[in-house]
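Novice: Fit chain to chain and form the complex, with the hints in mind.
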Amino acid sequence: MSAASAAVAPAPSRLRLGPLVLIAPAAILLAVFLVIPYLNILLMSFRAPGQGTPYGEGFTIANYLRFFSDGFYIRQVANTLWIGFLCTAICLVVGFPVAWQLARGSPRFRAIGYGLVLSPLLVGIVIRSYGWTILLGNNGLINRTLTNIGLIEGPLPLMYNALGIVIALVHVFLPFMILPLMAAIQGVDPSLETAARSLGASRLTAFRRVTLPLCMPGIQAGCILVFVLSLSAYVTPSLIGGLRVKTMAVTVVDALIDTFQWPWGSALALILSVTGALIVVLFARLTRMKWKVART
Amino acid sequence: MTVVRIESLSKVYGAVRAVDRISVEIGDGEFISLLGPSGCGKTTTLKMIAGFEEASEGAIRFDGADVVRVPAEKRDIGMVFQNYALFPHMTVDQNLAFGLEMRRVPRAEMRSRIDRVLEMVQLSGFSGRYPSQLSGGQQQRVALARALVIEPRILLLDEPLANLDAKLREEMRVFIRDLQRRVGITTVYVTHDQAEAMTMSDRVVVMFGGRIAQVGAPADIYERPQNLDVARFVGQVNLVSGTVTSADGGTLAIDTAFGRAAAPARDGLYPGQAVTLSLRPEAIGLGAPGKAGAPGRVEARYYSGSLIDYRVALDGGETLHVQSFPTVAFAEGDRVSVHAPADRLWLIGAAQ
Chain B
1 MSAASAAVAP APSRLRLGPL VLIAPAAILL AVFLVIPYLN ILLMSFRAPG QGTPYGEGFT
61 IANYLRFFSD GFYIRQVANT LWIGFLCTAI CLVVGFPVAW QLARGSPRFR AIGYGLVLSP
121 LLVGIVIRSY GWTILLGNNG LINRTLTNIG LIEGPLPLMY NALGIVIALV HVFLPFMILP
181 LMAAIQGVDP SLETAARSLG ASRLTAFRRV TLPLCMPGIQ AGCILVFVLS LSAYVTPSLI
241 GGLRVKTMAV TVVDALIDTF QWPWGSALAL ILSVTGALIV VLFARLTRMK WKVART
Chain X
1 MTVVRIESLS KVYGAVRAVD RISVEIGDGE FISLLGPSGC GKTTTLKMIA GFEEASEGAI
61 RFDGADVVRV PAEKRDIGMV FQNYALFPHM TVDQNLAFGL EMRRVPRAEM RSRIDRVLEM
121 VQLSGFSGRY PSQLSGGQQQ RVALARALVI EPRILLLDEP LANLDAKLRE EMRVFIRDLQ
181 RRVGITTVYV THDQAEAMTM SDRVVVMFGG RIAQVGAPAD IYERPQNLDV ARFVGQVNLV
241 SGTVTSADGG TLAIDTAFGR AAAPARDGLY PGQAVTLSLR PEAIGLGAPG KAGAPGRVEA
301 RYYSGSLIDY RVALDGGETL HVQSFPTVAF AEGDRVSVHA PADRLWLIGA AQ
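Going down the list, the protein sequences come from chains B and X. Here this note's numbering is used: the first residue of the first sequence is 1, the next is one more, and so on. Here this note's numbering is used: the first residue of the second sequence is 1, the next is one more, and so on.
Chain X with its partners taken away, still in its complex shape (with noise of 0.2 Å):
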C-alpha cells in the first residue's frame, strides 16, 4: 500500500492561483477528505494527483517516488467520478474488465477477480447489465467495483455521492467506509457536503482560496476549528464575542455572555481587548428561566424528530441557534436560561 506526500502543490492558471503551495502526507491505508466549497482547489488538487491536471509547482510522492512526470494511465490509481463515467456500450463485466485488460490479467484470474469484488459490492447477478439498466446507486456500487478491482495503490473519489438522493448518500457513506477499511486502500475523497467528510475520514483537509485551512481529525476540525472560515463551513456555529480580561502564564482568561472561558494564549491578543468565540448549536443548554445562564426567549423552534432546533434571542442582543434533544421542550415564545460550558467555548480569534 501507499504513503502519499504533497509537497508545496501549486496549479497556476495564468494569474489565478488554483492551488496555492499545499503540503499533506496521507498514511498508508488513511481515508482523508478534501473538503471545500466549489472553487476551492479540492478537485484540481485530485486531478493532481490522478494525473489528468500537470501540477505547476511542487512535488505528489507515491511512496517517495515523485509522480508529478508520471502520465495519469501509468500512476495505478483507482478513480470514481462524479457522474460515475461508467462507459455505457459495455456490460458491468467489460466496464470492470477493462482496466484488468489494460494490466494484461490472465482470462482466468481476470473472472475470479472480478467476481469477488462483484460480490464486495452486492452487485453479484448483474454482471451481464448495461449501465443504462442500472439504478443510480447500483451504477454508483458498479464505478466503485471497477476502481477496485485493479486494485490499485490509491483510490481518489471525486463527489461521488453528490447525484444520490439523500437517503442513499447516507447508505453509501457507511458502505464505501466500510468497504475501505475492508480493503486498506489510501483513499482521497473530495466532498463540499462536511456531514460527509466528517464520517467517513481518518482526517480532514479543509481548503479555502486554494490554501489548506486546517488539517485533522474530524472532532479537532469541529470542535476547535482554526479560523471563521473553518469554523463556519463544517457544521453549524454561533458566534460569540468575549472580552480578553487577563492574560496569565499562558492562558487567557475571557469574559462572554455565557460566564468566563479560557483559551491558551495567542500573539497578538491583549486583556481589553474583543474576540470572536465559536459555540456549537448542540453544545448550548437550555434552562427554565432564573437558572443560572443568560436570560432570553425563544424565537422560533423547528421539530425534526430526532432534534428540535430553537432560535433563542439573549436580552443582551445575541440571537443564537439552539439544538437539543426532544427531551427538553420549550415554546415559542417561552423565557429560558441559556448556559454553556466553558470548555465548549472555543477562542478563533481578535473580533472583526
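Okay, chain B solo, but in the shape it has when bound (with noise of 0.2 Å):
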C-alpha cells in the first residue's frame, strides 16, 4: 500500500516529463521525417539549377522569379486552387446530407452508411483512378451508354479536364468530410431546434441560426482536411487530367523526377504549400468561432 502510494506520487519534475514521454514518438516522427525535410526543400528552393547535377553553384532566387514572371505558372496555381476549392465546396453540399442521416438516421441505416462512406477508401488509389479513367474516358462506359440510348451526339468531355479531376477528387474525399461532419451533428443536441421553433423559428432558420453555426467546427475541420489533400492530390490528377491539365502536385513531379530540376520543383512545391496554408489560416479566421474560446 505505501509502496503503491509512494509511486502514484511522484515529484512534481517527473509530472512534466510523462507528457514529453508520451508525445515523443509522434514529435521525432515529425521532426525527422517533416521538418527537417521541408527545411531541405527551403534550401534546394534557392539552389541554382545545375548541369547534370541535381543542383549547381551558390544560392539564387531565380527560381521564384521565373515562376512570378511566368502567367502559365500562376494560373497553374490558381487552377489547382479552384479545382480544391470545388472538391471542397461539393463535398461540404453532398456530404452534409448524409452526415445528417449518420448522425441522426436510425442505427440500422447508420452501420449500412458508415460501411458505404467508407468504401471509397478501400480500393488502391491507382486501380481507383484507372476505374474512373474507364467510366469517364471518350469510349468510356459513361459517355457509351449515353450514346447508345441516344441521348449525345458525341461524346461529352468528361476526362482531360478539371471536371473529371473534381469528379474522382469527390469521391474519395467525401469520407473526409462526412466523418467529421457527423462528429459535430452529433454533439448539437436536437433539443436545441425545438427550442429554436418553441421561440418562433421555422425548420429552415432554426437550422440556418442553430444547427449550422454549432456544426462549425466539423465543417471547418471537413473542408480544411478536403481542401488540402485537394491540393497535394498526385496520382488522381495525373491520370485524369492527363498532359492536358495539370496541377501543381503533377506539375512539381514533373519539374523533380522528369525533367530533373530539384531547384525549380522546389520552388514550385513551396509557393503551393505556402498558399495552401495561407488559404487554411485565412478560412480558419474567418469561420473562428467566439464561443468556443470564451470560457470563465
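Treat each hint with caution, since some may be false.
[Stated by the list, open to error] Simulated pairs of lysine-lysine, DSBU-like, Cα-Cα distance not exceeding 35 Å:
1) X:K74 with B:K292
2) B:K290 with X:K74
3) B:K292 with X:K167
For the record, the hints were derived by calculation from the structure and aren't laboratory data.
Specialist: Structure representation (C-alpha cells):
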C-alpha cells in the first residue's frame, strides 16, 4: 500500500516529463520526416539549376522570379486552388445530408451508411483512378451508354479536364468531409432546434441560426482536410488530367523526376504549400467561433 | 392571457396509447402540474400542447381555437427544457433576443424587454456571458427568461429542475412560482416530483399509463386520493385495512384498528366487506402506552432535524410509518399507543 502510494505521487519534475515521453514518438517522426525535409526543400529552392547535377553552385532567387514572371505557372496555381475549392464545396454540399443521416438516422442505416461512406478508401488509389478513366473516357462507359441510348451525339468531355479530376477527387475525399461533419452533428443537442422552434423559428431558420453554426467545428475540419488533400493529390489528377490539365502537384513531380530540376521543383512545391497554408489560416480565421474560446 | 382546453386528447404509437383520451381545462393564469412516473404520458401531453408531437385524436384549444394543426413556431408558447437547451454559440443577450427577432420586435423595444426580464430573473449583469460561463442555476434562469421575454400565451416547463442539486431545486421552486404569479401567465409544468408539483401548483393532474388518475388542488390530491396509485405516488402513505360495518343514509361506517371511520357511501361497497384506507404518516399520533389507541412498539427511528420518522409495529401485525415533531420523542423498542383521527382515515376502496 505505502509502496503504491509512493509510486503514484512522484516529484513535480517527473510529472511534467510524462506528457513529453508520450508525445515523443510523434514529435520525432514529424521532426525527422517532415521538418528536416521541409528545411531541405526550402534550401533547395534557393539553389541554382545544375548541369547534369541536381543543383549547381551558390544560391539564387531565380526560381521564384521565374515563377512570378510566368503567367503560365500562376494560372496553374490558380487552377489547382480552383479544383481544391470545387472539391471542398461539392464535398460539403453532398456530404452534409449524408452526415446528417448518419448522425441522426436509425442505427441500422448508420451501420450500412458507415460502410458505404468508407468504401472509396478500401480501393487502392491507382486502381481507383484507372477505374475512373474507364468510366469517364471518350469511349468510356458513361459516354458509350449515353450515346447508345441516344441522349448525346458525340462524347461529353469528362476526362482530361478539371471536371473529371473534381469528380474523381470528390469520390475519394467525401469520407474526409463526412466523418468530421457527422461527429459535429452528433454533438449538437436536437432539443436546441426544438427550443428555437418554440421561440418562433421555422425549421429552416432553426437550422440556419442554431444547428449550422454549432456544426462549424466539423465543417471547418472537413473543409480543411478536403482542401489540403485536393491540393496535394497527385495520382488522380495525373491519370485523369493527362497532359492537358495539370495541377501543381503534377507539375512539381514533373520538374523533380522527369526533368530533374530539383531547385525549380522545390520552389514550386513551397509556393503551393505556402499558398495552401495561407488559405487555410484565412479560412480558419474567418470561421473562428467566439463561443468556443469563451471560458470563465 | 389564455385558457387552455384539452379535449379527449390521445397520442397513439402503433398499438400503444401513450396518452389516452385525456380532458382537462387550464384556467387563465393558472399554474397546473402534470405529475406521474416516467412513461405516464405527461411529457407527451406537454409536447402536444407545444406542437412538437402531433395529436392522434382530440383537440387542444387556446381560448377556444383548436391549435392541433398549428405548427409549433406559430403557437406562441414559451418553453423551458430539462437540459435548458440554451444556444451555446450565443450570449445570454443573443439567446433572449432570438425569439424577439423571430417576432420582428424593433431594436429599442428588444433592448428594454431583455433588460426587464433579466432583472426579473436577477441576471442583470450577465448579458454578455456565454451559457458555458454560467452555473446550472443561472442557466436555468436564462432559459426561463428566454421563454418569458417573448411574452407567450402559455408557459410550458418540462422537468426544469431535474438537473439541479437539492438545495437549489427548492429555491427555484419558490422562484418560479413567485415569478409566474407576478407575470400571471397560464403555466403547464411537467414533473415526476410530487413535492415540486404540490408546492408550486394551483392544481395537480396525476397521470398513470396515459390516463388522468385525479385532478385537484394539492390538498385534494394529498388528503383525498381517489385510488391506490395516487395515494402511493403522492407522498408517503400507510394503507390501513378496515371492514364496512353499516351503510346508513349515504354514509358508510368502517371499523379499523384505530376505531371507527366514516365515508360517503359508494357503489359496490356493502356491510361486511374488507376495504383499504389511507392514512398519512404525519396524521398519526404516538402516546404513552395504555392511552387510547392501538398498542404497538417502535421498531426504528429516523431523525431528520425538523421531523422524526418512526416505524411502528402494531400488536395486530400491521407496520406503520409515523412522522412527528421532535417534541414527541420515543426510543427504539419503546411501547406506544398509536391513534389516528377518524377524519384522516380516507377510504380508498375495496381491499384487493
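Novice: Against this structure, judge whether each hint is valid.
Specialist: A quick look at each hint next to the structure:
1. Our distance criterion of 35 Å between C-alpha atoms is met by K74 (chain X) and K292 (chain B), whose separation comes to about 32 Å.
2. Of the supplied pair hints, the one linking K290 (chain B) and K74 (chain X) holds, its CA atoms being roughly 31 Å apart against a limit of 35 Å.
3. The straight-line distance between the Cα atoms of K292 (chain B) and K167 (chain X) is roughly 31 Å, inside the 35 Å bound, and the hint therefore holds.
Violated hints: none; the structure is consistent with every hint.
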